[in-house]
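Engineer: Given next are the chains, with one letter for each unit.
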Amino acid sequence: MLSKSGIFSYFFVGLIILTVSVRFYEYFIEKNIVLSAYTSCDPIREKCFIASKEDAYYDFQTEPYKKIEVTDRFAPICLEEHTCENFSCDNIESCNIMYCSEDTLEKGESCVNDFVSGTSESTGMVHDQ
Amino acid sequence: MLTNFISVHYCYEYLINQIPVELLIYAHIPTSLSALLFGGYIFYKVKDRASAILFATCLMFAFWCLFSIATWFAFLGPNSTMFTWSLIDLTSILIFFFSYYFLYSFLTSKDLPLWQKLTSFIIILPIIFYTFTGIHLPMYDANSCEAIENDFVTKYLYFAEGIFILSSIIFVIKNYRTAVIRNDQNRIILTGIGVLTFLIFLFSATFIVSLLAESSVSQYAYNYEIYGLFGMPILLIFLGYLIVRYKAFDLKIFGAQALIIGLTVLIASEFAFVTTLSGKILVGITLLIMSVVGTILIKSVKKEIKLREQVEELVVDLGKANERLKILDVMKSEFVSIASHQLRSPLTSIRGYASMLVEGTYGKLPEKAVDVLKNISESARFMAQSVEDYLNVSRIEAGNMKYELSDFSLKEQAEKIVDEMRQVVMKAGLVLLFRSENTGSMIVHADIGKTRQVISNIIDNAMKYTPHGTITVIAHDDIKQKKAIITIHDTGIGMDEDTRNGVFNKFVRAKNANSVNTSGTGLGLYVAKIMLEKMGATVWAESEGQGKGSVFHIEFPLV
Numbered sequence: 000m001l002s003k004s005g006i007f008s009y010f011f012v013g014l015i016i017l018t019v020s021v022r023f024y025e026y027f028i029e030k031n032i033v034l035s036a037y038t039s040c041d042p043i044r045e046k047c048f049i050a051s052k053e054d055a056y057y058d059f060q061t062e063p064y065k066k067i068e069v070t071d072r073f074a075p076i077c078l079e080e081h082t083c084e085n086f087s088c089d090n091i092e093s094c095n096i097m098y099c100s101e102d103t104l105e106k107g108e109s110c111v112n113d114f115v116s117g118t119s120e121s122t123g124m125v126h127d128q
Numbered sequence: 000m001l002t003n004f005i006s007v008h009y010c011y012e013y014l015i016n017q018i019p020v021e022l023l024i025y026a027h028i029p030t031s032l033s034a035l036l037f038g039g040y041i042f043y044k045v046k047d048r049a050s051a052i053l054f055a056t057c058l059m060f061a062f063w064c065l066f067s068i069a070t071w072f073a074f075l076g077p078n079s080t081m082f083t084w085s086l087i088d089l090t091s092i093l094i095f096f097f098s099y100y101f102l103y104s105f106l107t108s109k110d111l112p113l114w115q116k117l118t119s120f121i122i123i124l125p126i127i128f129y130t131f132t133g134i135h136l137p138m139y140d141a142n143s144c145e146a147i148e149n150d151f152v153t154k155y156l157y158f159a160e161g162i163f164i165l166s167s168i169i170f171v172i173k174n175y176r177t178a179v180i181r182n183d184q185n186r187i188i189l190t191g192i193g194v195l196t197f198l199i200f201l202f203s204a205t206f207i208v209s210l211l212a213e214s215s216v217s218q219y220a221y222n223y224e225i226y227g228l229f230g231m232p233i234l235l236i237f238l239g240y241l242i243v244r245y246k247a248f249d250l251k252i253f254g255a256q257a258l259i260i261g262l263t264v265l266i267a268s269e270f271a272f273v274t275t276l277s278g279k280i281l282v283g284i285t286l287l288i289m290s291v292v293g294t295i296l297i298k299s300v301k302k303e304i305k306l307r308e309q310v311e312e313l314v315v316d317l318g319k320a321n322e323r324l325k326i327l328d329v330m331k332s333e334f335v336s337i338a339s340h341q342l343r344s345p346l347t348s349i350r351g352y353a354s355m356l357v358e359g360t361y362g363k364l365p366e367k368a369v370d371v372l373k374n375i376s377e378s379a380r381f382m383a384q385s386v387e388d389y390l391n392v393s394r395i396e397a398g399n400m401k402y403e404l405s406d407f408s409l410k411e412q413a414e415k416i417v418d419e420m421r422q423v424v425m426k427a428g429l430v431l432l433f434r435s436e437n438t439g440s441m442i443v444h445a446d447i448g449k450t451r452q453v454i455s456n457i458i459d460n461a462m463k464y465t466p467h468g469t470i471t472v473i474a475h476d477d478i479k480q481k482k483a484i485i486t487i488h489d490t491g492i493g494m495d496e497d498t499r500n501g502v503f504n505k506f507v508r509a510k511n512a513n514s515v516n517t518s519g520t521g522l523g524l525y526v527a528k529i530m531l532e533k534m535g536a537t538v539w540a541e542s543e544g545q546g547k548g549s550v551f552h553i554e555f556p557l558v
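First to last, the sequence lines map onto chains A and B.
Per numbering that gives the first Met the number 0, the very first residue in the first sequence carries number 0; after that it's consecutive.
Per numbering that gives the first Met the number 0, the very first residue in the second sequence carries number 0; after that it's consecutive.
Among these hints, one or two may not hold up.
Unchecked claim - List of simulated lysine-lysine pairs, DSS-like, C-alpha gap at most 25 angstroms:
no.: 1; chain 1: B; residue 1: LYS44; chain 2: B; residue 2: LYS109
no.: 2; chain 1: B; residue 1: LYS246; chain 2: B; residue 2: LYS301
no.: 3; chain 1: B; residue 1: LYS116; chain 2: A; residue 2: LYS3
no.: 4; chain 1: B; residue 1: LYS109; chain 2: A; residue 2: LYS3
no.: 5; chain 1: A; residue 1: LYS3; chain 2: B; residue 2: LYS246
Think of the hints as simulated: they come from the structure by calculation, not from any bench.
Fair warning: this is a prediction, and the values are worked out from it, not measured in the lab.
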């Protein structure tokens, strides 16, 4: 007959194992990870972010870029490798592109001047010009 | 080797620009392996609660290192990074919980009370919850190959860890105050410092890192996290010291063993830095030599320790036996002294009254009665002599024999004794003669009383063992050798070689002694020899064999 302490210990260990199993399932099986990546941006057609050399956190921020949020399951490898050219969310589920605006600017960033179309592509969100 | 596992080349490039991979491996692998080996070994040897919890702590630490290094190796892919990152907080809080649990168990030898376990569970529960739901890691940043953390839940982790650190501090202080024995206090302090150093190192590194990462002061804020791992070797050193010095876990590991193991681990960890084949071979050879030499050294030291322990045990046993013997010796001497004194008084009465009866003090007695009384008197005299002998032996062996040394003429004393004993010897049907052949005055420095006693004893002995004939006492000297000698020559039963060799030993009588004299304790000559030696003199016996008489020589140095 187990003591209270024994029951508690087994319950505790069981909960830990369950937690680990759930995380494993989420990340390795479902691949339910929201990926955030910066990718190259065409300043003629899109409103792009840019940062100066002094303010840039990453080297590629000195070139025009846009911000992508997409579920890893659907993300192309070029996003992780930062080799995507003309990336769009077409035919990609749970994909969101953030273009440069006053609302979306972060510290050290600025918008590239020659923005033309002012629309954003997304499956759920629209960014105003 | 790592290049075989690269899924995301961008992250691999990012990593090698951020931190030397060798430093990562050196910080994570040897420390976690050392912890696992240490905890595993202790648990394997001891198998009690404290060792099991220590092993759990080391295991959680090893998992933490594994998850930590996996998060660094983001080139394995975002799913690997997110999975291992998501479990770091849970593993971290379990390290803190098990460390506190170990501290409690180790110092009190008791299980943590259920209420404390439940309280700890309540503290840990939010962390289990957010790990289960994944809300603490909302996103993966593919730009820096890191998970983006929810600040609020991260702050809760530090709060929870802080509670365990504070609990540990309070527990150590409380236990230190209640400990009475100095040894226990030292154990508490050392264990407390070891565990708290480990926890504070781990806490500080991760806390400071998160502050740096939040403030974006440094792109490579997480680099500083690896320094938190070096708290574990510090804990292992403290535990090692406790084992060697205070026999913690009841383990018998000595300093040399701990040192060799530590050195072996250090050398093995060199593999983390060595990249060339020749370097790896050299490190391997060094490790092999170290292992062999270390094993030989440990065996040799173990042997010495075992021998020393055996000697120490023997010394203790010897000490106890010596104490018992001393007590027994005192008891024996006391018994002999008391018994002898108790015996002497009645004997004196017996002799006194017997003598008075023989002399007719209480009226004339029949001749037969007088003969009987004379026998009684003689037996009492012999018994008194025996008691005196036993007393002397007792005094000699207890070191209580006192000697009053003075200068006197040995020849004069010997002559006096002969004069005093002549009548008694004549009554025994023997002739007692004195002859002096000295050239000098024969002045010696000794105890007069005891010298007279010895000479009397030997003449008395000669009388006992000479059925008929003469006893001659000769005083002579050797001026050149500076010796004064008294020789007592008898025409008695003589001695064979065995008897001559043992006649001055305790309780030894000649084999043929009973044919002429049934009484005798065998102590007279032993006492005589000891007393003479104490006065700087010597005594020895000569005889040409049984039936050919004996010669006793007493030799004193001249003054």
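Engineer: Next step is simple, just say for each hint if it's right about the structure.
Structural biologist: Verification of the supplied hints:
Distance restraint check for LYS44/B and LYS109/B: the Cα-Cα separation of roughly 19 angstroms lies within the 25 angstroms cut-off, and the hinted pair is therefore satisfied. The suggested pairing of LYS246/B with LYS301/B holds, with an alpha-carbon distance near 15 angstroms, which does not exceed 25 angstroms. For the suggested pair LYS116/B and LYS3/A, the alpha carbons sit about 11 angstroms apart, so the restraint of at most 25 angstroms is met. Simply put, LYS109/B and LYS3/A have alpha-carbon atoms about 16 angstroms apart, close enough for the 25 angstroms limit, and the pair holds.
For the hint pairing LYS3/A with LYS246/B, the CA-to-CA distance comes to about 33 angstroms; that exceeds 25 angstroms, so the pair is violated.
Going through the hint list in order, the structure does not satisfy hint 5, though it satisfies all others.
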